[in-house]
Structures are given as C-alpha cells and as structure tokens.
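Chemist: Listed here are the chains, written in short residue letters.
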Amino acid sequence: MKWKTTAEPSAEPAASGWRRRFIHTLLYGPNVDRGAKSRARVGLAILAFALGYSVIALRLVTLAAAPDGHSVRRVSTDAVSTARPDILDRNGDILATDVKAASLFGEPKKIIDVDEAVELLTAELPDLDPVELRERLSSRKGFVWLKREISPKQQEEIHRRGIPGIGFLVENKRVYPNGSEVSHLIGHVNIDNQGIAGIEKWLDGRGLADLHMAGLATERLVKPVQLAVDLRVQHALRDELLRARDKYQAIAAAGLVTDVRTGEVIAMVSLPDYDPNNPREANDLTRINRLTTGVYEMGSTFKALTLAMALDSGKISLSSSFDARVPLRYGKFNISDYHAQNRTLTVPEIFTYSSNIGTARLALALGVDYHQQFLKKLGQLDRLRTELPESAEPLVPKRWAELNTVTIAFGHGLSVAPLQAVMGINAIVNGGLLIPPTFLKRSPEEAAALAARVIKPETSEKMRYLMRLNVEKGTATRADVAGYYIGGKTGTSEKVIGGRYSKTKLLNSFTAVLPADNPRYLLLIMLDEPKSTPESHGYATSGWNAVPVGGAVIARIAPLLGLQPRFDLPPSEYLILAKGGQ
Amino acid sequence: MAMRLLNIGVIVGLVLAAAYVYDIKYQSTLRAERAAKLQHDLRRERDAIASLRAEWARLGNPRRIQTLADRHLSLVPVEPSQFTDFERLPERPPQIVQPAGADPIGAMLDDSADPGFFTGSIDSWQPKAVKP
Numbered sequence: 055m056k057w058k059t060t061a062e063p064s065a066e067p068a069a070s071g072w073r074r075r076f077i078h079t080l081l082y083g084p085n086v087d088r089g090a091k092s093r094a095r096v097g098l099a100i101l102a103f104a105l106g107y108s109v110i111a112l113r114l115v116t117l118a119a120a121p122d123g124h125s126v127r128r129v130s131t132d133a134v135s136t137a138r139p140d141i142l143d144r145n146g147d148i149l150a151t152d153v154k155a156a157s158l159f160g161e162p163k164k165i166i167d168v169d170e171a172v173e174l175l176t177a178e179l180p181d182l183d184p185v186e187l188r189e190r191l192s193s194r195k196g197f198v199w200l201k202r203e204i205s206p207k208q209q210e211e212i213h214r215r216g217i218p219g220i221g222f223l224v225e226n227k228r229v230y231p232n233g234s235e236v237s238h239l240i241g242h243v244n245i246d247n248q249g250i251a252g253i254e255k256w257l258d259g260r261g262l263a264d265l266h267m268a269g270l271a272t273e274r275l276v277k278p279v280q281l282a283v284d285l286r287v288q289h290a291l292r293d294e295l296l297r298a299r300d301k302y303q304a305i306a307a308a309g310l311v312t313d314v315r316t317g318e319v320i321a322m323v324s325l326p327d328y329d330p331n332n333p334r335e336a337n338d339l340t341r342i343n344r345l346t347t348g349v350y351e352m353g354s355t356f357k358a359l360t361l362a363m364a365l366d367s368g369k370i371s372l373s374s375s376f377d378a379r380v381p382l383r384y385g386k387f388n389i390s391d392y393h394a395q396n397r398t399l400t401v402p403e404i405f406t407y408s409s410n411i412g413t414a415r416l417a418l419a420l421g422v423d424y425h426q427q428f429l430k431k432l433g434q435l436d437r438l439r440t441e442l443p444e445s446a447e448p449l450v451p452k453r454w455a456e457l458n459t460v461t462i463a464f465g466h467g468l469s470v471a472p473l474q475a476v477m478g479i480n481a482i483v484n485g486g487l488l489i490p491p492t493f494l495k496r497s498p499e500e501a502a503a504l505a506a507r508v509i510k511p512e513t514s515e516k517m518r519y520l521m522r523l524n525v526e527k528g529t530a531t532r533a534d535v536a537g538y539y540i541g542g543k544t545g546t547s548e549k550v551i552g553g554r555y556s557k558t559k560l561l562n563s564f565t566a567v568l569p570a571d572n573p574r575y576l577l578l579i580m581l582d583e584p585k586s587t588p589e590s591h592g593y594a595t596s597g598w599n600a601v602p603v604g605g606a607v608i609a610r611i612a613p614l615l616g617l618q619p620r621f622d623l624p625p626s627e628y629l630i631l632a633k634g635g636q
Numbered sequence: 003m004a005m006r007l008l009n010i011g012v013i014v015g016l017v018l019a020a021a022y023v024y025d026i027k028y029q030s031t032l033r034a035e036r037a038a039k040l041q042h043d044l045r046r047e048r049d050a051i052a053s054l055r056a057e058w059a060r061l062g063n064p065r066r067i068q069t070l071a072d073r074h075l076s077l078v079p080v081e082p083s084q085f086t087d088f089e090r091l092p093e094r095p096p097q098i099v100q101p102a103g104a105d106p107i108g109a110m111l112d113d114s115a116d117p118g119f120f121t122g123s124i125d126s127w128q129p130k131a132v133k134p
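Protein chains in written order, with the working numbering: chain V, 55 to 636; chain U, 3 to 134.
The following block holds chain V by itself, in its conformation from the complex:
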C-alpha cells in the first residue's frame, strides 16, 4: 500500500509544492531518498515471495516422489497371525511350514439381523454351535472370532451369502506334514501360531516372539531353520520301535541316534507320541518325551562309564582282575550278579558278563571322590540344556557315601535323562571328547570348538574294544548285524515300585556304537516294562528285547546313514587293540 502512495504523486503532477513537501515530511522524515527506500522494499517483497514459492515447489516434489500409503496398508490386512520360519530336516525335507487359511469373524455392531446370520452360518458350517454363535453375535463387542481356519470352499460359500457384518481375515496356519513322526522334537504351536513346545518354542525364544509383538513377522521374511534330524532315519527308528512296543507289550519305547563326532541328534523317538497337528494330545502325561524330560536309572549302560573311568585312571588295565566269587555285602544290601560266574573276572569279562560285583569293586578301588568327579566331568550330575525347552534335573543322592558309589557304578541310585547318558557314552567312544548334544545342524568344526577332553584317546579305544567284544560274545550278541561292526552295551534295570526294586518291571536299554573301530553313530534303544515272548524262554532282560530291536534298527538305518558294510573283518582284539591299546 505504501508503495502505491509513493507512486501516486509522481502520476499526478503536484498541485502545490509546499503541500507536497509537508506530506513528504510527515510520511518519511525531512531528508530521505524515497527512490532508494522503495527499491529496498520491492527487493524484500520479491525475496519473501520467492521463498514462499520455493517452499511450495519443494513440497510438491516430495509429494510426487514419495510413494502413496496404500501398499503398506494391504500387507497388514494380508496376514493377521504371525509367520514362522519353515523347519527343515538335514536333507531339506519339510517338517513344519506355514499355509494361509481364512478365518471367519463378525462385527456384532454392524449385524442387522442376528437370527438370519446365525441360520445362514450354521447351514454352511454345521460344527458351529448355534447358541454360542448367537451369544457372540449379540454381544456389544466390536469384533469377535467366529471360526478359525475355514476351508477356501466354505469361505467362498459364506462370501456368496453376503451376510452383513461378517468378514474374513487371512491367517498363517502351521502345518506338520509328517504328523506324529517328529512330534517331540519339533514341538507344536497354539492357535495364535506361538510355539509352546520343542523347537517351535525355542524359535520364539530367539527373538521371533519380539518380531511378532512388533507385528513385523507377517511376511516370509524369516529364514528356514535346518535341524540335525534325518526324516528317513527318524521314520525307520519309529517304525521299528512301534513294532517292538507291540511285540513286547512295553508301556513305552524310546530311541535316539546321534552323530558321535558332532553331537547332532539324527533321530529321536519317544513312544507314545502325539500328532503336532492336534496338540491337545500332548497334554497327556504318558506322552512326554522320555529322552529329555524323564530321568531313569540307566542300569548296566552306566557300567560303560565306570569301566572308562577305571581304564582312564591308569591304575587299572584290561588285564587286571577282580574277585567276583561271592556277592558283595554292603550293610543290609547284597549285591550279586545276574549272569553269576562265581570266580575272579578280568576287566573285559566284567564288561561282557555285565558283573555288578566287578563294576562295584572297580569303582571302590578308585574311591568315592574320584567317581563323583568323573561323573561330574561327564556332565551326568547337572541338568543338561539343549535347544529343547523341556529338560529334567538328574536325581543325585544328597549324601554320596560308599554305598552310593557301589550302586551308581552299575547304574542304580542315580537317575539321569537318557540324552545325558548318551552324551557321556558319546564321549567315551569318540576318542574322549565331550560334545553337548544339539538338535540343529552342526559342522565338525563347530563341534570341535565346543568339545572338551574328558578321557584319553587310548581309553576310548579300549572302551570300543570292550563294546565290540560284548557284541561278539557278551550280552549283546543278538544285535550283531553282519557288515556294520557294531559295538554295544546292554542295560536292564529294575524299576522302583513302591520304594522297592521290582523283579518283573524292568527298564531295558541298549546302547550301540557303529562301526566300533571308527565310530560314526550312537544308537540308544529303551523299552519300558517289556514282557517276555515265547521265543525268549520267559526272559525279559535287555538281551532278549532291546538288543534285537537295536539290531533291526541298525540294519535299516545304516544304509540311510551312508555306512558301507564291510565283511571278513578280524575280531576286535586285532582290529581295535592292535592300533595301540593295551
């Protein structure tokens, strides 16, 4: 405006000079150059407008360059429930995967006619309870689930009925294509796709749960997890165990295959098991995973640890002998042998006859502290933690006296998880390295970094010789599958029923190493309360059931594991000991 007033006088030539000067003085002061002042003002105005327009221009550019928001929105409606990584076996076969499934929901506030909606929905989904459905749809909530995971055909039909206030959301649904084949190992998820057991729970513990919380795990951004388990071996083991459980009418059967060099669990079966697609079965207490959540007195299998301790001490050699003529009396306890020989036994004989007296004397010769420390070193006295969230604390006697050493030497009085015992025996046969077991794929280098030396390599060689000898002429002859050079140790322990050891209720086990001269794999078979069969002449000890089952399993899994059968091998004295034992 001011600019205009200054321009006016120049447009109309002045009426009178004094008036002009007077106004000038009033407006600008006495001696001011009006021209310079107005130029400065025009410049300022130009600057202000230029600034304003450049801000608008910049904003236009950013608006044009930035993507519009609706592609982001589409993702969030795509999958409500959380995505999980696929679980693969060691060969890449799928053990668990996600598929998309539609879920039906209702918005009670938008429903016009509840009766009509209930009628139409129950016509399409007959398993919906009409009373409950009506109740849910009449509630004052904004959102209710009506049915999770309906089939695409049902979705199509309901969509066509066009019921107002009813909609679908696509969710991820976890499926286990192999059913109960790998149940305990991979665990299962709940309806909201959160892991509640096994490897599935372990996955959640590794940050997946946080991703879910943030709502970021909706897409397949998670890499598949590869386990150590081999589906084919797992199936073969489970199939043989199912057969064995029927044949010997055992209440439970369990089996474990591990790679002795890496500690990987190649197969793990605990029967009865459950179908992870139907996780309700898992709540049944008889279906627990006996290999990690149960603790057992491992019986004679533990003698392998005692013998290894004795041979590793340097005080006892393979040619030492011990008095097993009379049962060992300890207070009111009387320790006798099942296969009593009633004579002096050498160390290999103690092992092959599975002599309780001899093993007890071996342990006593080294002392209680030595025994305790050795078992501690082998990880038998502490809870074993693996990827599986389920684990059990071993039952260790509170006071460890001589009697405890005597009984623990042959596997009574100390209860450990079978997986734990397998870890110990693994160390004894693989050259003396204790490697924590894992359910994930692991390379030999990674295993070497984790391994801890617990016994000398020579001791390990002697132990393999003893285990092979036991299959050649000991308690485990029925497991000798020609060509695979198996070594093994049987275990028969009497179960404690009402505070007393029962003579008829047995827990049988068989631990096999193959091949015994250069071990690759370890197999554990456990049968809970097997009954005698006609061909076992009334016997129900391990040699008559767990051992033949072990043999049958090995004959099936050895080709799958890529073991080449070898024939015409010399007996164990020459093949194993000649390399430098004794």
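Note that these hints are calculated values from the structure, not bench results. Accuracy of the hints is not assured; some may be wrong.
Computed Cβ-Cβ distance ranges for the label pairs, DEER-style [as the list claims (entries may be wrong)]:
| # | chain 1 | residue 1 | chain 2 | residue 2 | range |
| --- | --- | --- | --- | --- | --- |
| 1 | U | A34 | V | G146 | 32 to 42 Å |
| 2 | V | I305 | U | E89 | 46 to 56 Å |
| 3 | U | E89 | V | F387 | 51 to 61 Å |
Heads up, the beta-carbon is just placed ideally off N, CA and C, and yes, glycines get one too.
Use these hints to put chain U onto chain V, whose structure you have.
Modeler: Same frame as chain V, but now just chain U:
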C-alpha cells in the same frame, strides 16, 4: 517486443513442462499400480507354492510311502550283503563273437533282438543272495 517474445516463450515452455510432468506422473501411477498388482500376485503365488510344498511333504512322508509300498510292492529291505564296492566287483568276462555262418553281423543283430532278455520287472524279480 523482445520482452513480449520472451514472455510468450516462457508461457509455451511452462505449458510444455506441465504437460510433461503430468505425463510422468500418470505413467508413474500406472507403474505403481502394476507393481502393487505384481506384488499381490507374487504373494499369492508364494502362498500357493507354500501349500503345494506342504502337500508334497505330506505325500512324501515316509510312513505313507511305506504303507503304500507294503500294500502294492513285493520289495523287501536291502540286506547288507547286497552292497559292495567297485574293487570287489569281478572282472567282466570278455565277449567273444563267433564268426559262425556266412553273416556274422546279421547273427549279432538277431542276438540283440533276443526276446529272452528283459529288464527287471517286479513280478519276475526274486531276491538273490549275492556272494561277497
């Protein structure tokens, strides 16, 4: 005059630039829609692949295969004695062609058409003990 030309030039330039910008904006909207559609298709395909993979794993489940094999095949598990390595294979016997008759090549052709030679079929196959 020069000023007027300049003004006209600037106006024409402005109109052209506006048209160009509009075209680019239109193209980019089209492409963004196409990209969104492709992504949607990708997601759908990926979901389809996932369910097919799950189905394939279910069909290839060892228990199912074993049940089918037990029902329909007469195969038995492989014995350890049926494995061997190349060193243990016996030498291949030399093949001697007798120049019998006037037409040895014709005789060879007849031999190769021998109907007594057949590839392994399941019914006729019997497990044989292989001597190591």
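Chemist: Which of the numbered hints are not met once you compare them with the structure shown?
Modeler: Result: no hint breaks.
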